[in-house]
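Note that the protein sequences, when read in sequence, are chains A and B. Counting in the numbering used here, the first sequence runs from 0 upward without gaps. Counting in the numbering used here, the second sequence runs from 0 upward without gaps.
Simulated from the structure, these hints should not be mistaken for lab results. Bear in mind that the values here come from a model prediction, so they are computed numbers and not experimental data. Don't be surprised by glycine CBs; every beta carbon is placed ideally from N, CA and C. Be aware that a few hints might be false.
What the hints assert, rightly or not - Listed next, with one range per pair, are the computed distances between beta-carbon atoms: (1) B:Ile4 to A:Gly34: 25 to 33 Å; (2) A:Val56 to B:Tyr2: 31 to 39 Å; (3) B:Val56 to A:Asp13: 44 to 52 Å; (4) B:Glu100 to A:Leu97: 49 to 57 Å; (5) B:Val70 to A:Gly57: 18 to 26 Å; (6) A:Arg77 to B:Val70: 31 to 39 Å; (7) A:Trp15 to B:Arg55: 44 to 52 Å.
There are 2 protein chains.
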Amino acid sequence: MAYEIERKFLVANDGWRAAASGSSRLRDGLIARFGSGKVRVRLDGDRGLLTVKGPRVGLRRAEYEYEIPAVEAEEMLRTLADGPIVEKTRFRVPHGSLTWEVDVHEGILAGLGPVSA
Amino acid sequence: MAYEIERKFLVANDGWRAAASGSSRLRDGLIARFGSGKVRVRLDGDRGLLTVKGPRVGLRRAEYEYEIPAVEAEEMLRTLADGPIVEKTRFRVPHGSLTWEVDVHEGILAGLGPVSA
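Just chain A, same shape as in the assembly:
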């Protein structure tokens, strides 16, 4: 099990784009919530992922993520996801020894400024 510590920021402008080293197309669907935890299915390009995120405790939460067949992830997104599918492109922006992930939303959240996590 890993812990997730996620901090989100709103980027000020598009200056990060020139530094991006790559990107992934993500499609996320919520299967279920439990307290402040959730179960999410994701298509990351041609990879399927099923993720259980535990309740937040302070800044962090337990995260259990498993690769699953993409065809099954797509099927769960289509038939089981609760609410809209979140579609975004995640850009990787190396910075020193770390990598920023900059999400540009489409679909239901299009128009939201890019958010880096």
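Keeping the supplied structure of chain A fixed, place chain B upon it in accordance with the hints.
Same frame as chain A, now just chain B:
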């Protein structure tokens, strides 16, 4: 993805025990419900399983089951499961070309008669 069609029966007596060909110790915990669907984590002996069961439609429901590290299944059972852990021994009872699964409950459901599914 598989479909689950589950029918449960209450057994009349212990006559099935002599015909059992094997058994597994199961520990099940509910992670989350969504409508009539659910996300379950299971320890089946030394195998961990994470299962998404879709809503029931008539007699059947979609079922997505993935093997996960047993240590993570045990951790989710301990830290994330909602409500009591269901502990049971599942006996396999071959009958013609089919196999009955006879569950004998312990723990919170101990005292319930064995149920075959």
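How the hints compare with the structure:
no. : hint                            : verdict
1   : B:Ile4 to A:Gly34: 25 to 33 Å   : holds (31 Å)
2   : A:Val56 to B:Tyr2: 31 to 39 Å   : holds (37 Å)
3   : B:Val56 to A:Asp13: 44 to 52 Å  : holds (47 Å)
4   : B:Glu100 to A:Leu97: 49 to 57 Å : holds (50 Å)
5   : B:Val70 to A:Gly57: 18 to 26 Å  : holds (24 Å)
6   : A:Arg77 to B:Val70: 31 to 39 Å  : holds (32 Å)
7   : A:Trp15 to B:Arg55: 44 to 52 Å  : holds (47 Å)
The structure meets every hint from the earlier list without exception.
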